[in-house]
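Student: Here's the letter readout for the chains.
2 protein chains.
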Amino acid sequence: MTTDERDLGRSLKLLWGGRTRPGRGRPPALSLERIVAAAIEVADELALTEGFEALSMRAIAQRLGVGTMSLYRYVPGKSELLDLMLDHVMDVPDETGGPDRGWREILSAAARQHWRLCLDHPWYPFVDQSRPLLGPRSMLGLDRLLALLRPSGIDDRTLLMMISVQNDHVESVARRYVNERRVERRTGVTTEEFWAAQAPTLEKAMNSGDYPVMADLADDTFDFSYEQLFEFGLARLHDGFAAHVDL
Amino acid sequence: MTTDERDLGRSLKLLWGGRTRPGRGRPPALSLERIVAAAIEVADELALTEGFEALSMRAIAQRLGVGTMSLYRYVPGKSELLDLMLDHVMDVPDETGGPDRGWREILSAAARQHWRLCLDHPWYPFVDQSRPLLGPRSMLGLDRLLALLRPSGIDDRTLLMMISVQNDHVESVARRYVNERRVERRTGVTTEEFWAAQAPTLEKAMNSGDYPVMADLADDTFDFSYEQLFEFGLARLHDGFAAHVDL
DNA sequence: GTTAAATAGCGTATGCCATACGCGAAGGGG
DNA sequence: CCCCTTCGCGTATGGCATACGCTATTTAAC
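For the record, the sequence lines run as chains D and H.
Position 137 of the first sequence, counted from 1, bears residue number 137 in the numbering used here, the numbering being contiguous throughout.
Position 193 of the second sequence, counted from 1, bears residue number 193 in the numbering used here, the numbering being contiguous throughout.
By construction, these hints were calculated from the structure, which means they are not laboratory data.
Quantities reported herein were computed from a predicted structural model and do not represent experimental measurements.
Be a bit skeptical, because a hint or two may be false.
Where chains are identical, the list cannot tell them apart; a pair therefore holds if satisfied intra-copy or between any two copies.
Said to hold, decoys possible - Subject to a maximum C-alpha distance of 16 angstroms in a straight line, what follows is the list of computed EDC-like cross-link-like pairs (lysine to aspartate or glutamate):
id: 1; residue 1: Lys204; residue 2: Asp239
id: 2; residue 1: Lys78; residue 2: Glu53
id: 3; residue 1: Lys13; residue 2: Glu33
id: 4; residue 1: Lys78; residue 2: Glu33
id: 5; residue 1: Lys13; residue 2: Glu203
id: 6; residue 1: Lys204; residue 2: Asp44
id: 7; residue 1: Lys204; residue 2: Glu50
id: 8; residue 1: Lys204; residue 2: Asp216
id: 9; residue 1: Lys13; residue 2: Glu192
Can you build the whole structure from these sequences, using the hints too?
Tutor: Okay, here's the thing in structure tokens:
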């Protein structure tokens, strides 16, 4: 699914409010907030079962007990609703914790918080954010994170690039992690059973001699968890940031 | 789009061949190879215009001048076709170049090759690879890359994690880059014009005092290109790998 | 108190999509 | 030469987002 053809102006207007309540006319039975909340509920459930793509306007409307088309009185389309959902689940980094934390500790906390967000809302890493839109909560989160990081003396642009690269890493690994859990839950086939089932095909490939290095790998070479991959990438990134910044 | 509900056994069978040609019966007018090639052609074009989601079985069939349902004689479904497309465009790292290249140079070359792949086939980074499947070409690429990297003395598992994290980085940035180019081409609105149009809304937010740090950022703080972000992340990752590995 | 304007709810229709099913066509092996 | 297998693919089903217009509901204005 993607936030592809959305009208960005409309999304921004919705995100940043400014909605007026004219006294005249039939009063609305719903609200933007209720719709976004319901959409997130449905997405949270579907992402663990049918997958995020199963999120439909109909499903959201049914959750609210209204007709599908009623949603369109509040939201121009599904893409804009996705924008609202994305901003709504963003959480702001804790400002508690000593003021003397270094950038590495702060970034680690932010990464872990983002990781948790991806597990709490398992659809999140599947939304195509290829043209990210800043809503109020995202803006607040970024503002607070930058506020925490600025004392490090790292220039703002570098901070933004660090955050961007780190978030991409978290979401990439979370995407695979969430998908594995979903497939296991849905099919009842664990990852190990899955690979075992494919062993004959792959075994033949290994024995062909075309892949000498692959054939030579120890059986447990691939036995690392997504949590381990998350931690590995994060640690490497931070080491790399340190080399760049603390010189 | 996602490679979501695919039958992985079928995909593997198709990827690894073993197709038989029974002499009996009407001879096929198409071939798996032609279908995959046509699908890639269509996807290459659509990814720059309508977007990858516009890739449909009908569009592929039309390109081949056949009926939509004829494709299903060769491929169980769209998901499996995507698996074949993914494997088909994978290219194998050059083995040329001195044997004395260090791991960093080798990984850099692989990253740049992957980046080029994402630009040559702009749908590639949008395919959901949350449960990656190894076809013959992917397997070959991984085999050769590991062969080049093994002399570094880094253990195999670490090498795999490094490659995984690096590929995720490349694809994440490429996804945004490709999308930006597509939107600009389609709407005729450049990114700068886009932000300029949203300036009033964001200006108001800045003036609210809720985002003091964001408001304090220099105007050019966000002025970095995706190429720069690609290089930044890659350099940081490699520095981090070095800290981990060369101790 | 009545009416008209404004707005919400939403049924229906359109045009996409993937794909299941079955029929008729086209070859080769016997 | 015929039958059996396989292929091409039209049609049908059920999903999706969403445009349009009718009806219901409210309040402001008279």
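Student: Against this structure, judge whether each hint is valid.
Tutor: Going through the hints against the structure:
For the identical chains of this complex, lysine 204 and aspartate 239 are neighbours neither inside a copy (40 angstroms) nor across copies (38 angstroms), given an alpha-carbon limit of 16 angstroms. In this assembly of identical chains, the alpha carbons of lysine 78 and glutamate 53 lie at most 16 angstroms apart whether taken from the same copy (12 angstroms) or from different copies (15 angstroms). Taking the shortest Cα distances, lysine 13 and glutamate 33 sit within 16 angstroms of each other inside one copy (14 angstroms), while across copies they are farther apart (48 angstroms). In the homo-oligomer, the alpha carbons of lysine 78 and glutamate 33 lie at most 16 angstroms apart inside one protomer (15 angstroms), although the nearest pairing across protomers, at 37 angstroms, exceeds that limit.
For a Cα distance limit of 16 angstroms, the shortest separation of lysine 13 from glutamate 203 across copies, 13 angstroms, qualifies, whereas the shortest one inside one copy, 56 angstroms, does not. For a Cα distance limit of 16 angstroms, the shortest separation of lysine 204 from aspartate 44 qualifies neither inside one copy, at 40 angstroms, nor across copies, at 33 angstroms. With identical chains, the CA atoms of lysine 204 and glutamate 50 are never at most 16 angstroms apart, being 33 angstroms at best within one copy and 41 angstroms at best between copies. Proximity of lysine 204 and aspartate 216 under a CA criterion of 16 angstroms is satisfied intra-copy only: 14 angstroms inside one chain copy versus 61 angstroms between copies.
For the homomeric pair lysine 13 and glutamate 192, neither the shortest alpha-carbon distance inside one copy (48 angstroms) nor that between copies (19 angstroms) is at most 16 angstroms.
Of the numbered hints given earlier, the model fails hints 1, 6, 7, 9; all others are met.
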